[in-house]
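> Same order as they appear, the protein sequences are chains U, E, F and G.
All residue numbers for the first sequence refer to full-length UniProt numbering, where the first residue is 1 and numbers rise by one.
All residue numbers for the second sequence refer to full-length UniProt numbering, where the first residue is 1 and numbers rise by one.
All residue numbers for the third sequence refer to full-length UniProt numbering, where the first residue is 1 and numbers rise by one.
All residue numbers for the fourth sequence refer to full-length UniProt numbering, where the first residue is 1 and numbers rise by one.
Among the clues, some could well be false.
If chains are identical, the list can't say which one is meant, so a pair holds when it fits in one copy or spans any two.
[Claimed, not checked] Subject to a maximum C-alpha distance of 27 Å in a straight line, what follows is the list of computed DSS-like cross-link-like pairs (lysine-lysine):
| no. | residue 1 | residue 2 |
| --- | --- | --- |
| 1 | Lys-247 | Lys-33 |
| 2 | Lys-33 | Lys-91 |
| 3 | Lys-91 | Lys-14 |
| 4 | Lys-235 | Lys-91 |
| 5 | Lys-83 | Lys-268 |
| 6 | Lys-199 | Lys-275 |
| 7 | Lys-84 | Lys-268 |
| 8 | Lys-199 | Lys-83 |
| 9 | Lys-26 | Lys-199 |
| 10 | Lys-247 | Lys-84 |
| 11 | Lys-235 | Lys-14 |
| 12 | Lys-33 | Lys-14 |
| 13 | Lys-91 | Lys-199 |
| 14 | Lys-83 | Lys-128 |
| 15 | Lys-84 | Lys-121 |
| 16 | Lys-199 | Lys-268 |
Derived by calculation from the structure, the hints in this document are not laboratory data.
4 protein chains.
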Amino acid sequence: MERRILRTECPDAKGLIAGITGTCFKYQYNIIKNDQFSTFDDSRFFMRTELEGDFSTADSFIEELRHVIPDGGICKLMPIQRKKVLVLVTKEAHVLGDLLIKSYAGALPIDIVGVIGNYDKLEDLTRKFDIPFVTVSHEGLSREEHEARMLEAISRFEFDYVVLAKYMRILTPNFVNSFPNGSLINIHHSFLPAFIGAKPYQQAFNRGVKIIGATAHFVTNDLDEGPIIAQDVIKVNHNYSAESMAKAGRDVERQVLVRALSRVVDGKVFIHGNKTVVF
Amino acid sequence: MERRILRTECPDAKGLIAGITGTCFKYQYNIIKNDQFSTFDDSRFFMRTELEGDFSTADSFIEELRHVIPDGGICKLMPIQRKKVLVLVTKEAHVLGDLLIKSYAGALPIDIVGVIGNYDKLEDLTRKFDIPFVTVSHEGLSREEHEARMLEAISRFEFDYVVLAKYMRILTPNFVNSFPNGSLINIHHSFLPAFIGAKPYQQAFNRGVKIIGATAHFVTNDLDEGPIIAQDVIKVNHNYSAESMAKAGRDVERQVLVRALSRVVDGKVFIHGNKTVVF
Amino acid sequence: MERRILRTECPDAKGLIAGITGTCFKYQYNIIKNDQFSTFDDSRFFMRTELEGDFSTADSFIEELRHVIPDGGICKLMPIQRKKVLVLVTKEAHVLGDLLIKSYAGALPIDIVGVIGNYDKLEDLTRKFDIPFVTVSHEGLSREEHEARMLEAISRFEFDYVVLAKYMRILTPNFVNSFPNGSLINIHHSFLPAFIGAKPYQQAFNRGVKIIGATAHFVTNDLDEGPIIAQDVIKVNHNYSAESMAKAGRDVERQVLVRALSRVVDGKVFIHGNKTVVF
Amino acid sequence: MERRILRTECPDAKGLIAGITGTCFKYQYNIIKNDQFSTFDDSRFFMRTELEGDFSTADSFIEELRHVIPDGGICKLMPIQRKKVLVLVTKEAHVLGDLLIKSYAGALPIDIVGVIGNYDKLEDLTRKFDIPFVTVSHEGLSREEHEARMLEAISRFEFDYVVLAKYMRILTPNFVNSFPNGSLINIHHSFLPAFIGAKPYQQAFNRGVKIIGATAHFVTNDLDEGPIIAQDVIKVNHNYSAESMAKAGRDVERQVLVRALSRVVDGKVFIHGNKTVVF
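When you get a sec, could you build the whole thing from the sequences and use the hints?
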């Protein structure tokens, strides 16, 4: 008996859950777990169904489902398997290190297919895990030239997701548009929408906040404005300098990114405009 | 259009969700929200479905559902309305005070029908809100005599739930058995199962823990061992004496109780042996 | 033996702790608890010392301390006693209700001397606790006229602090300047600096954040930009509408305000520019 | 200018802070940060003072301090430098992996001098970081024989602390007594004192708790009863099996251990009976 994830997304309508689960029952797919949600403002229906059964009949199952859901709907059957992840970095080791260990130890169902940095600082760490590292220096290059080289380096890898693991470069629309929507994930070192932009810990220190945080989000062409997947915070106080906030924040950054990534690769995240539904 | 909560509980079986939601669809009950869960160890199925529709046909709907679910199953349609709560107290004001304010301000859909204390200390506070207060002193009485008087006082009220809001008396099996299972809710001032029994904050201080907590649970005849509904904690450190732990703990106690109670009155809590399923 | 709080604030200098604690020792004041901090950017020294002793010699003690600390420093001996608090409200009961209960039950060392609202909605609740309530309606009045009437009403009370307990009016500089710096405390229903301004829960819903929060701060003439005293957050998800975010947020609002207020009345908060030091 | 940590511990007495900080001032040691605490029950005084100055006169400074503090007191001047840590493991990679990354990346001021396991499962991971790994299998050996071999292997390393990073063996008093008090640190996979002993996650699942946690503590000859250094928790619900609790708990385990270890190596932890003071 195999397991797969059915992801359904469509305009809401009466009888949708009955229709979809009835079709699952007809194909003898047992429902292990089911989550659904209909949005408040525009009645968009999202459902994630964990199924167990014999999927040799999957094609006709999906075909039949297409008649159950309203026009403009999508339903996909996703295998449960490790996803391929490409990681972009600059100099900070903590997020990459956590991904490497978690992938190595089987704590996160991802294979890191490669790491690309605009510095070579994390090459040594990456290679310990027998993962290719490519340095694409930005020095002396225009943003466009550097991105062209990055895209060339990226094109050498096959991947499901690209994770910006503290990749400290501003991205142009052209770069972002080179990736399918929902495949580019960033960890931002602030509790968005507070402290958008550069040096958020310095901004937080200057403002005298008592809590700092991190935000994992899909990257879109609105800088730091893509759909938020996960956020978390830690408490700080007057004893924290901007530097010690940054140090304390690192632990939140990697936790939030890992939590977001594990939900994404598990098919639990749906994008809805500039928001997410996370089951 | 009215809203009601359908609560289903039965042995798990293939096609249950399809069967139940199909019946809802047949009766033109729109599903606003649906949660279901099947237990790991004994495959017991629980489902809470928020429905919207015309419930003049509710009786035949329930009758039809009884044929959909396996033998030994239960399905009930619950109106969404304020619940009647009787509160038992001793001397501490914080939990009762929070319930009074939240009931008064409409933040919790409960009506407090009365408060009974083994001291009269909270009579003044209770009467400010025009709620009857009965003092049933335990002084000079055996436990059995006192409980008999308590039960007599309790019998004068009509209620859905009895909340022990820091009622600091040990209950006999006879007392507990006087109430339907799931109608007696206690707030225990420790993070169960740590520090069962008397003076948990003193125990926590003596042990030097760095976190203290509170637990809301249904009362059964296993002392402090009933099904846990909600728990929460706060951090403490060496600066806390047993007394300041107790003071800090009060805020967690009332929050945990209110969270538990709001889930219970909303039909979100199912009892399963010594555990709960909380949607 | 009496207890008092010594609050010292001055430019940092070598030997300050030795000088101050040496003077305490000379006067036979026992140090129960001591906290000090020197700021990172401008080396400002803050110290809070809980003392036990015979304070009949307090005047010469303070006189002597003035020679120990650098010019431009302040040192004050504060009695440990209940503070007088005036509360301003609009229509929401939860923050006021919590203050009333906590003051009544002795959980917060404050006496609420009065409540002033621009609606009369909370008069009934306030009077239950035998506290005067004054309604100063803003209807048909300019902002300036309304504030003039508010200030007149406020002037009838004697108080140490004014707490804006969900007082939903924008304040003019003239109004703010009528109070000593550090005596006007507001609870803002967002995690500042995110969602400054109106309808922060609607803003949070629109942005799709996964965490919402509240901020207690001193009021200055920078709207929502005064020194932050305390902040806290709770997690939300796609199931929350703007309304249910607001409801969930209320519990954080009152907790954060109570935490801030209890620190302030305990002499634990120092203002330093647009920030606070909270011991 | 060098920095050192002064750690003082003695019976409480009047004028201690004045005496110690006065001596610091006399030696022109500037106080960067100071924390002190006196216990509630037995008036034991603890103080940690971060000093900056010229420590060529450190010996006479300490000699002079010995006359300032009461008999039976201890004062030590600790250099700020990376500590040597030996790690014991069984099969789980997450805690070790985190220590390796944090040590490698400079996020924790420790050098891991070696790793010893009763299985060889983590040898590959350890050697990636060029750190020696020794396997000391327990198979076919009595507990005493195995411990004798462990102690022999341990004796080959020079270290400040031994960290039990999910070393799943019960220790005999003889083994524990081979290490100085305060040098053996364990991470226990439950929120002590709940679920002492084997399989805490299974116990937590069986009890139906809504929160699970982890505890870092010094090891003494009371099993799971040594002084607690740090604890933290995460929320769980009915969706968690014992296995998924264990998986979720791993993140808390490593965070709690790292937090505890970073405090210990920073001289911030004092042992007081079966408790700790953590500045």
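> So, for every hint listed, does it hold in this structure?
Right, here's what the structure says about each hint:
1. For a Cα distance limit of 27 Å, the shortest separation of Lys-247 from Lys-33 across copies, 19 Å, qualifies, whereas the shortest one inside one copy, 39 Å, does not.
2. In the homo-oligomer, the alpha carbons of Lys-33 and Lys-91 never lie at most 27 Å apart, since the shortest distance is 40 Å inside one protomer and 31 Å across protomers.
3. For a Cα distance limit of 27 Å, the shortest separation of Lys-91 from Lys-14 qualifies neither inside one copy, at 52 Å, nor across copies, at 39 Å.
4. Taking identical chains as interchangeable, the C-alpha atoms of Lys-235 and Lys-91 lie at most 27 Å apart only when both belong to the same chain, with a minimum of 26 Å there against 31 Å between chains.
5. Only within a single protomer do Lys-83 and Lys-268 lie at most 27 Å apart by alpha-carbon distance; the minimum there is 14 Å, versus 36 Å between protomers.
6. When the C-alpha separation of Lys-199 and Lys-275 is checked against a cutoff of 27 Å, the pair qualifies both within a copy, at 25 Å, and between copies, at 19 Å.
7. For a Cα distance limit of 27 Å, the shortest separation of Lys-84 from Lys-268 inside one copy, 17 Å, qualifies, whereas the shortest one across copies, 39 Å, does not.
8. When the C-alpha separation of Lys-199 and Lys-83 is checked against a cutoff of 27 Å, the pair qualifies neither within a copy, at 32 Å, nor between copies, at 31 Å.
9. For a Cα distance limit of 27 Å, the shortest separation of Lys-26 from Lys-199 qualifies neither inside one copy, at 55 Å, nor across copies, at 41 Å.
10. In this assembly of identical chains, Lys-247 and Lys-84 lie within 27 Å of each other by CA distance solely across copies; the values are 22 Å between and 29 Å within a copy.
11. Taking the shortest alpha-carbon separations for Lys-235 and Lys-14, neither the intra-copy value of 45 Å nor the inter-copy value of 30 Å comes in at or below 27 Å.
12. For the identical chains of this complex, Lys-33 and Lys-14 are neighbours both inside a copy (21 Å) and across copies (12 Å), given an alpha-carbon limit of 27 Å.
13. For the homomeric pair Lys-91 and Lys-199, the shortest alpha-carbon distance inside one copy (15 Å) is at most 27 Å, but the shortest distance between copies (39 Å) is not.
14. Taking the shortest Cα distances, Lys-83 and Lys-128 sit within 27 Å of each other both inside one copy (21 Å) and across copies (24 Å).
15. Taking identical chains as interchangeable, the C-alpha atoms of Lys-84 and Lys-121 lie at most 27 Å apart whether they share a chain (23 Å) or sit on different chains (25 Å).
16. Within a single copy, Lys-199 and Lys-268 get their C-alpha atoms no closer than 31 Å, and across copies no closer than 30 Å, so neither meets the 27 Å cut-off.
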